[in-house]
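**Student:** Per my numbering, the sequence shown starts with residue 1, numbered consecutively.
Think of the hints as simulated: they come from the structure by calculation, not from any bench. Positions of the beta carbon are idealized from the N, C-alpha and C atoms, including for glycine. Check the hints yourself; a few may be wrong.
Cβ pair distances, simulated, as ranges [what the hints assert, rightly or not]: (1) ASP464 <-> ALA436: 31 to 41 Å; (2) THR343 <-> ALA433: 51 to 61 Å; (3) ALA264 <-> LEU183: 39 to 49 Å; (4) ARG465 <-> GLU146: 42 to 52 Å; (5) LEU368 <-> ARG85: 43 to 53 Å; (6) PRO369 <-> PRO334: 24 to 34 Å; (7) ASP143 <-> LEU183: 17 to 27 Å; (8) THR373 <-> ARG19: 24 to 34 Å; (9) LEU368 <-> ASP143: 43 to 53 Å; (10) LEU338 <-> ASP143: 20 to 30 Å; (11) ARG85 <-> LEU338: 53 to 63 Å; (12) ARG337 <-> HIS437: 52 to 62 Å; (13) VAL59 <-> THR373: 30 to 40 Å; (14) VAL492 <-> GLY20: 30 to 40 Å.
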Amino acid sequence: MTAPASSAASRDRGPALSRGRRWAATGALAASLLVVAMDMTVLNIALPALTAELRPTSVQLLWIVDVYSLVLAGLLVPCAALADRWGRRRTLLLGYGLFAGASLLVPAADAAPGVIAVRALLGVGGAMILPTTLSMIRVLFTDPAERATALGVWAAVSGLGAAAGPLVGGFLLQHFPWQAAFLVNVPLILVALVAGLALLPESRVAEPGRWDARAAVLALAGMVLLVWAVKRFGEGNGPTEAWAALAGAGVALTWFARRCLGRADPLLELRLFGRRPFTAGIVAALGTTFSMVGAMLLLAQWLQLADGASPMAAGVRLLPVATAGVAASLLAPPLARLLGARTVLAAGPAVTGTGLLVLALTPGPLALPAVLTALTLIGAGTGSLAVGSALIMSSAPEEQAGSAGALEETSYELGAALGVAVLGTVAGQVYRARLAHTPALHDAPPGLAAQAAESLGGAVGVADRLALPRLAEQAATAFTEALRTAGLVGAVLMFAVAATVFALAPGRRSASD
1 MTAPASSAAS
11 RDRGPALSRG
21 RRWAATGALA
31 ASLLVVAMDM
41 TVLNIALPAL
51 TAELRPTSVQ
61 LLWIVDVYSL
71 VLAGLLVPCA
81 ALADRWGRRR
91 TLLLGYGLFA
101 GASLLVPAAD
111 AAPGVIAVRA
121 LLGVGGAMIL
131 PTTLSMIRVL
141 FTDPAERATA
151 LGVWAAVSGL
161 GAAAGPLVGG
171 FLLQHFPWQA
181 AFLVNVPLIL
191 VALVAGLALL
201 PESRVAEPGR
211 WDARAAVLAL
221 AGMVLLVWAV
231 KRFGEGNGPT
241 EAWAALAGAG
251 VALTWFARRC
261 LGRADPLLEL
271 RLFGRRPFTA
281 GIVAALGTTF
291 SMVGAMLLLA
301 QWLQLADGAS
311 PMAAGVRLLP
321 VATAGVAASL
331 LAPPLARLLG
341 ARTVLAAGPA
351 VTGTGLLVLA
361 LTPGPLALPA
371 VLTALTLIGA
381 GTGSLAVGSA
391 LIMSSAPEEQ
401 AGSAGALEET
411 SYELGAALGV
421 AVLGTVAGQV
431 YRARLAHTPA
441 LHDAPPGLAA
451 QAAESLGGAV
461 GVADRLALPR
471 LAEQAATAFT
481 EALRTAGLVG
491 AVLMFAVAAT
501 VFALAPGRRS
511 ASD
């Protein structure tokens, strides 16, 4: 059970709100979460159209997808600490404004670097929004049962956002250019802004200490260097730069950790990792998000470019991930009460890994039924994250809610960034190796052949331009083999995550505890 709050924590909570006001405020927080969650998945549907128009390189394509999650992961801790000191409501509203403003810049982005810059700005806004929603739920609800329900709503809305992203994106791309996938953020975030102004109380920690700017820079730099190194290693060239970046990441993140552990008022309370339930929830969140986001990126491209689905049809076919995730989120708490939190939490990555294994080991050509089965299992595995969130937030004292929320959200966003980098790089390597041996590639001029080898979208564009349908077919076959290999790698990692979570989580702890 959660320990009684300290006096500082009590002042942090602010004036007590009525039950109706608390739940209305939760609705406002959920509305902003819906926008940020949609922005993670809507891009998967827009990628083929964006690729065809802007023709980014494979590295630029990875950055277009990855920079949003990377900036989020790097800034979640600084922004959560800022919200504790400056005010959570104020930080949240500023994040809304930045998110809407960045979305309005999309029409001016007529090349890949411009899109990358817009995605980075969206990441800054998202970093102000996401940890603040969790920390405000933690301090708004003092009753454990009410708080558990509110966190369940938070998790369900995240799943609904993942479901709405492909559908909204598919509908928009049927009628409008790819920029509409970004502009849809504006009216939704304005609704959240109005609701936040009307319903949310201000909240801050009474005596949080000084905001550590040096630690904030170290956290951001360390994670950027880490993911960049992973990408360079996967590309197979520039190993010297990749090793240098990895070393730099190790130095920056070690320095950050030592700085936080050596201060009485750390930017991030890393001592929370000394609590096994907290660590188990973080590991499950990072691993499950790693596999889900990486798999959805690859499957969205496969559905449109290899299986021939329209953007709208691809969005519908991606629905099993979100719908299964919402259903599993509702079932996870009662299952945890029946079977124990450890069993349910560890089962999530295991089920996700099974879905990836379906992609890798289905005999014969990969077909839509196997893909839908895999998507359902991947989505069902994310349901246990509702239990993980309860373990994370209940393991932290109320005055450390900002650190707990930041670490939970960092695990989601860093997992997503690494999932795209690792699984995307594995798939890219296999795709290029397989396509290099196809006869149709040699029918294209060298410059266009190199473009086709960069990505499946590039190959389809070259095939259409040169009227080489055989190139498109062979590129689709190469991408399918790459998807299978990435699925196998992801499955092995997920089973390892499941074993780690089972070893860390307490055996008899229930969801209500």
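**Student:** Each hint needs a verdict: does it hold in this structure or not?
**Tutor:** Do the hints match the structure? See the list:
1. Here the CB-CB span from ASP464 to ALA436 is close to 21 Å, at odds with the stated 31 to 41 Å.
2. Between THR343 and ALA433 the Cβ separation comes to about 40 Å, which falls outside the hinted range of 51 to 61 Å.
3. Checked against the hint of 39 to 49 Å, the pair ALA264 and LEU183 passes, with Cβ atoms roughly 46 Å apart.
4. Between ARG465 and GLU146 the beta carbons are some 59 Å apart, a value that contradicts the proposed interval 42 to 52 Å.
5. At roughly 51 Å, the beta-carbon separation of LEU368 and ARG85 lies within the given 43 to 53 Å, and the hint holds.
6. In this structure the supplied range 24 to 34 Å holds for PRO369 paired with PRO334, their Cβ-Cβ distance being about 30 Å.
7. As the Cβ distance of ASP143 to LEU183 is approximately 40 Å, the hint placing it in 17 to 27 Å is violated.
8. Taking 24 to 34 Å as the suggested C-beta distance range, the pair THR373 and ARG19 does not conform, at roughly 42 Å.
9. A beta carbon spacing of about 46 Å between LEU368 and ASP143 agrees with the range 43 to 53 Å that was offered as a hint.
10. Roughly 22 Å separates the CB atoms of LEU338 and ASP143, a value that falls within the hinted 20 to 30 Å.
11. The given range of 53 to 63 Å is broken by ARG85 and LEU338, whose C-beta atoms sit roughly 42 Å from each other.
12. Separation of ARG337 from HIS437 is about 54 Å and conforms to the stated range, judged on CB atoms against 52 to 62 Å.
13. Against the hinted window of 30 to 40 Å, the Cβ-Cβ separation of VAL59 and THR373 comes to about 33 Å, which satisfies the hint.
14. In this structure the supplied range 30 to 40 Å is violated for VAL492 paired with GLY20, their Cβ-Cβ distance being about 49 Å.
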